[in-house]
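Engineer: One-letter residues, chain by chain:
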Amino acid sequence: MNATVPHRIACAEAPDLPHAHWTNGWRFGNDVVLSGQTAHPATQRAADAGQPLDACEQTLVVLGRIEALLRAAGGHRHNIVKTVVYVTDIADKDAVGRARRAFFGDHLPCSTLVAVSALVFPELRVEIDAWARLDVDLRTSTSTT
Amino acid sequence: MNATVPHRIACAEAPDLPHAHWTNGWRFGNDVVLSGQTAHPATQRAADAGQPLDACEQTLVVLGRIEALLRAAGGHRHNIVKTVVYVTDIADKDAVGRARRAFFGDHLPCSTLVAVSALVFPELRVEIDAWARLDVDLRTSTSTT
Amino acid sequence: MNATVPHRIACAEAPDLPHAHWTNGWRFGNDVVLSGQTAHPATQRAADAGQPLDACEQTLVVLGRIEALLRAAGGHRHNIVKTVVYVTDIADKDAVGRARRAFFGDHLPCSTLVAVSALVFPELRVEIDAWARLDVDLRTSTSTT
Chain E
0 MNATVPHRIA CAEAPDLPHA HWTNGWRFGN DVVLSGQTAH PATQRAADAG
50 QPLDACEQTL VVLGRIEALL RAAGGHRHNI VKTVVYVTDI ADKDAVGRAR
100 RAFFGDHLPC STLVAVSALV FPELRVEIDA WARLDVDLRT STSTT
Chain W
0 MNATVPHRIA CAEAPDLPHA HWTNGWRFGN DVVLSGQTAH PATQRAADAG
50 QPLDACEQTL VVLGRIEALL RAAGGHRHNI VKTVVYVTDI ADKDAVGRAR
100 RAFFGDHLPC STLVAVSALV FPELRVEIDA WARLDVDLRT STSTT
Chain R
0 MNATVPHRIA CAEAPDLPHA HWTNGWRFGN DVVLSGQTAH PATQRAADAG
50 QPLDACEQTL VVLGRIEALL RAAGGHRHNI VKTVVYVTDI ADKDAVGRAR
100 RAFFGDHLPC STLVAVSALV FPELRVEIDA WARLDVDLRT STSTT
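Residue numbers (numbering that gives the first Met the number 0), protein chains in the order written: chain E, 0 to 144; chain W, 0 to 144; chain R, 0 to 144.
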């Protein structure tokens, strides 16, 4: 068995906090594994200011953070092959969809979206789990049809 | 780094809709990545007719749809290595289990099952996220015991 | 396409039950795929005895079970690259974190944590979905910073 060296992804936009019990991102060869990302602390600041971020705004912040992690790993947004989206209100599904469409354009990864009973902070409306491969660029795809 | 060409999986049973913000399935070499699948719109038609599909029926529709996507990718049901099952009522776990057993026989992929607070349409009782590899056939397995 | 022989992971700590409709673990080459693990039946015995296991205790049992599956596959806890943690009460997030930190030390896999509306038994507070690679050891990591 050949070992694959784990590479810890570090970037200012999604820093690993000293007390955290998880790592935000790892790269193993071409595979990028990420922790679920949220728009915290931007969501907290906005809520404290009386102007909470809606689901579309939160989704764009989250996708930008995922992209920052991918860039730090040597990749880009079109390496994302799948997202699992957790929302706290299923009525937000269309808002999340608009943000996804704006972010990915016509190069759409797979997606699963379910509503959960709570995320780690009360002002969070969306958390996204992304799976990415640096050897894949969805802009270069072929199709069976 | 060698690029892996992304292949968009297209099939009539699970078409990618023009307004969708996701792709139902991608193949990257031997790896198949899918979006969470539901029994919509069959569930909606059945509900409108006053005969909603129960969890076992929905699960069989969903697994059939996943199989259709795998066939379009050149594979089959025994390429599925794991499913994550989201139900809206935990009491449906046994009904889902009966459908899984009928579908997979003795060649059982891994499974995770949790109850979520909502899926994308109110008549949905189950959504399934599947992970598959075309180079794996669970019927050819060996065991440590 | 070269076939990868699926290897069913079997261990006493997480046995596959005759009536189950899933397999607890599969190994495909270096990749280990697992079913979501819980602390059942220890949770049930403790609840019946009037001393239910709290979230931290349950998490340690679950992580130990995942480790037992990995050992049976020829690996260890530092092969775990990601966990998805489902809790039934979001207030348990810190207790889960303490258990993760105790278990993984400074070699922390990615993690996603959401609260769901129910797990398969009422006394369960946490279920963990783990992804592991036998060719990866997080203790040997490098970093971009």
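It is possible that some hints are incorrect.
To be verified - Per the computed footprint, the stretches of chain W lying under chain E, defined by three or more beta-carbons under 8 Å from a beta-carbon of chain E, are: (1) 3-10; (2) 15-27; (3) 31-40; (4) 58-69.
Said to hold, decoys possible - With a straight-line cut-off of 20 Å between C-alpha atoms, the simulated EDC-like cross-links for lysine to aspartate or glutamate are: (5) W:Lys92 - W:Asp47; (6) W:Lys92 - R:Asp15; (7) R:Lys92 - E:Asp105; (8) E:Lys92 - E:Asp105.
Quick caveat, the hints were computed from the structure, so don't treat them as lab data.
Glycine included, each C-beta is placed from N, C-alpha and C at the ideal position.
Engineer: Could you tell me which of the numbered hints above are not met by this structure, giving the numbers in increasing order?
Structural biologist: Checked against the structure, the hints that fail are numbers 4, 5 and 7, while the rest are satisfied.
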